[in-house]
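Novice: Chain by chain, the residues run as shown.
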Amino acid sequence: MTATANPRVSRSPRLRLTRALRGVATPAALLIAPMVLLAFMVFWPLLQQIWISLTDARLTNPGGGSFVGLENFEALMAGTALPQVLANTLAYTLGSTGLALVMGTLAALVVNTRFRGHGFVKGVLASPWAIPPVAAASIWLWMFSESRGIFNRIIEGAGGEPVAWLTSEPWAMVSVILVTAWQFAPLVMLVTLSALKSVPDEVAEASRVDGASAVATFTWVVWPHILPTFRLLGILLVIESLRRWDIIAVMTGGGPVMSTSTIVVAIQRQAFQYQEVGMGAAYAMIGITLAVIFALAYLMVERRAEKRNGR
Amino acid sequence: MPQLQFSSVAKSYGDTQVLEPFDASVDSGEFLVLLGPSGCGKSTLLRMIAGLTEITSGELLFDGETVNEWDVRKRDIAFVFQSYALYPQMTVRQNIAFPLVMDRMKPWQHLPILGSIIRSRLMHRPEIAGEVDRIAEQLSLVPYLDRRPGALSGGQRQRVALARSLVRDPSLYLLDEPLSNLDAKLRTQMRVDITALHQKVGKTFVYVTHDQIEAMTMATRIIVMDHGRIQQIGTPDEVYDNPANTFVATFVGSPAMNLISPDIVAAHPTAFEPGIAASGAIVGVRPEHLMLADEGAPGLPVTVEVVERTGAEAIIACQPQGQEGDESRILVRASHTQRRVMGEACVLQLDPAHVSLFDAATGVRVPQTSTVG
Ligand SMILES: Nc1ncnc2c1ncn2[C@@H]1O[C@H](COP(=O)(O)OP(=O)(O)OP(=O)(O)O)[C@@H](O)[C@H]1O
Ligand SMILES: [Mg+2]
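Protein sequence lines correspond, in order, to chains A and B.
Here the UniProt record's numbering is used: position 117 in the first sequence is 117, and no number is missing along the way.
Here the UniProt record's numbering is used: position 153 in the second sequence is 153, and no number is missing along the way.
Rather than coming from a laboratory, the hints here were simulated on the basis of the structure.
There could be a bad hint or two in this list.
If we take Cβ atoms under 7 Å as the criterion, some of the chain B residues that face chain A in the derived model are [what the hints assert, rightly or not]:
| id | residue |
| --- | --- |
| 1 | I55 |
| 2 | W70 |
| 3 | Q89 |
| 4 | F98 |
| 5 | H110 |
| 6 | I113 |
| 7 | G325 |
| 8 | R329 |
Residues from chain A that keep clear of chain B, each with C-beta distances beyond 10 Å, as calculated [as the list claims (entries may be wrong)]:
| id | residue |
| --- | --- |
| 9 | L21 |
| 10 | I32 |
| 11 | R58 |
| 12 | N61 |
| 13 | L190 |
| 14 | A206 |
| 15 | V209 |
| 16 | V215 |
| 17 | V221 |
| 18 | R269 |
Just so you know, these numbers come straight off a predicted model, no measurement behind them.
Just so you know, even glycine gets a beta-carbon here, dropped at the ideal spot from N, CA and C.
The task is simple: from the sequences and hints, build the whole structure.
Specialist: Below, the structure is given as structure tokens:
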């Protein structure tokens, strides 16, 4: 009935079949390639990883361990290292993400006011992003140095006691968080800046007309507008810092006394220093679980926001 | 309720001047309409009054005080944006209540989570909830109060914008084409409502429109603009009866004022008053000040081209004999009882008391001397 109503719909059954096929075939064909790629590059290594975590494989023969069931996990649960590694991971992840979000947003707000030379300032503020993490960590290593570092020079100049930035608790964790956030902040600034620019001028003007101060305009108009971007940045940085290894490795190597050992640092130590690949894989499974929990939390928040927007 | 005064106020963006310097003053409590075609600078002028657009040169005074540097908030205005500018993340209710909530919040209360709690408590206060309900009722927005602007039609959004600005009690109302997207019935109703509000509150209104019915019915004073230049400032009657130039003559009134070129006047000198025929000016007559008489009577010989009946009256388009084209066409507003048919030859008679003369070169109104009584 409806087919005859529209003269452009084909009349012959054969044509109709090809058309129907084309409707399914195109997306299927487009999806096949990435699916195959994903299967080989993500799911297969993941399965392998799960398998290894259930063996006693050693670095000398990574594929050749024998099946030991949940022994690796039991060992982790029994030891005292795991709770500390988890606490370190959370502190490092949330600390550097939070600090980067705050610093990046403040920088974006400043650059967005369009003072003279804001382009130059933007370039300078964005530059840490371009420095390779290991190089960045080395620069900071020098600045944090106990005897010659600039921070201690300043503190001493002000009459204070020098701080062992990288070799005492809790300063070692504070230092790596600071450097990681310093590397993340430019990304936050650039993305937030483009979100800020997408706030319609007239909407911001309307809030001024309605009697909102600059702070109120930010809270009621700008903030809700950039919040989705902000959430996305948050999850990206959380995942990114969960896997960040280079900065900690260069600056503290996980020490002192494991106080900056996050999951990735622990994996590296178990698998390559102690050569216990199976144990390393067990740590990795815990790391993956953490990442999945964060990602699911993000998706839930996002779904709720979408529902509220009536989409 | 300030008295507004413009002294050589002008606006340029870089090298392009979008508003030429002009002087004007608007008394307190007036309903000023800015009327003009698209792109003539109406919104720019309105935004300058609001303090949203910087004044390039000249001074704007509220009650004798220069306000060029005043912040938007200090001006205490209500503003309807042409683009509505609703807050997309707020419900209609929150949008409308926003100005009331802002008035009552202290500076430290604008913290993200705390602020939301304070806002929802404020919105339950009877003086805010009651005001929001009242204005929503008036603008038929009650069914949509809990929706967000994204889920509204254009006309509904415009009503929310109007509601948000009318919910307050400012000292100056600035409205940028607030009714442009409403259907005819609602527009007529809102026209009456806004006029009533103006009479009730007695505040100064500045209202942008390109709809001349709105301008004529609502204004106590009209500023007609074109190409960034003020063409005329006057009451609706002055603008309608004594247009300052040919632009105003043709822009205000529907159908527009007829402009009869000096050539036609010169070719039929007996059809016009002696002074007019000799002046070499463009003759402007409104369609209602023309009469069609049968052939042979004194007047301008014309041929009927089109007869358009609109119910109570008819618009008859005629062409002076020997002429053709849109330029020389003359429209006559006649009673529907006038029986004229296409192609009929008639004679056009002018009401000499209602003739305007415009300089043929500049289009500026020529003051009439003894010719017209
Ligand atoms: N930021 C700007 N830079 C340069 N020119 C501008 C800018 N904003 C507006 N203009 C110009 O100023 C003129 C007046 O614009 P305005 O918005 O005041 O027109 P308007 O009378 O409100 O028109 P409409 O009826 O279509 O809303 C236009 O020609 C426009 O192109
Ligand atoms: Mg406009």
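Novice: Compare the structure with each hint and give your call.
Specialist: Cross-check of the supplied hints:
no.	hint	verdict
1	I55	violated, 16 Å
2	W70	violated, 12 Å
3	Q89	holds, 4 Å
4	F98	holds, 5 Å
5	H110	holds, 4 Å
6	I113	violated, 10 Å
7	G325	violated, 43 Å
8	R329	violated, 42 Å
9	L21	holds, 37 Å
10	I32	holds, 36 Å
11	R58	holds, 51 Å
12	N61	holds, 55 Å
13	L190	holds, 23 Å
14	A206	violated, 4 Å
15	V209	violated, 4 Å
16	V215	violated, 5 Å
17	V221	violated, 6 Å
18	R269	holds, 40 Å
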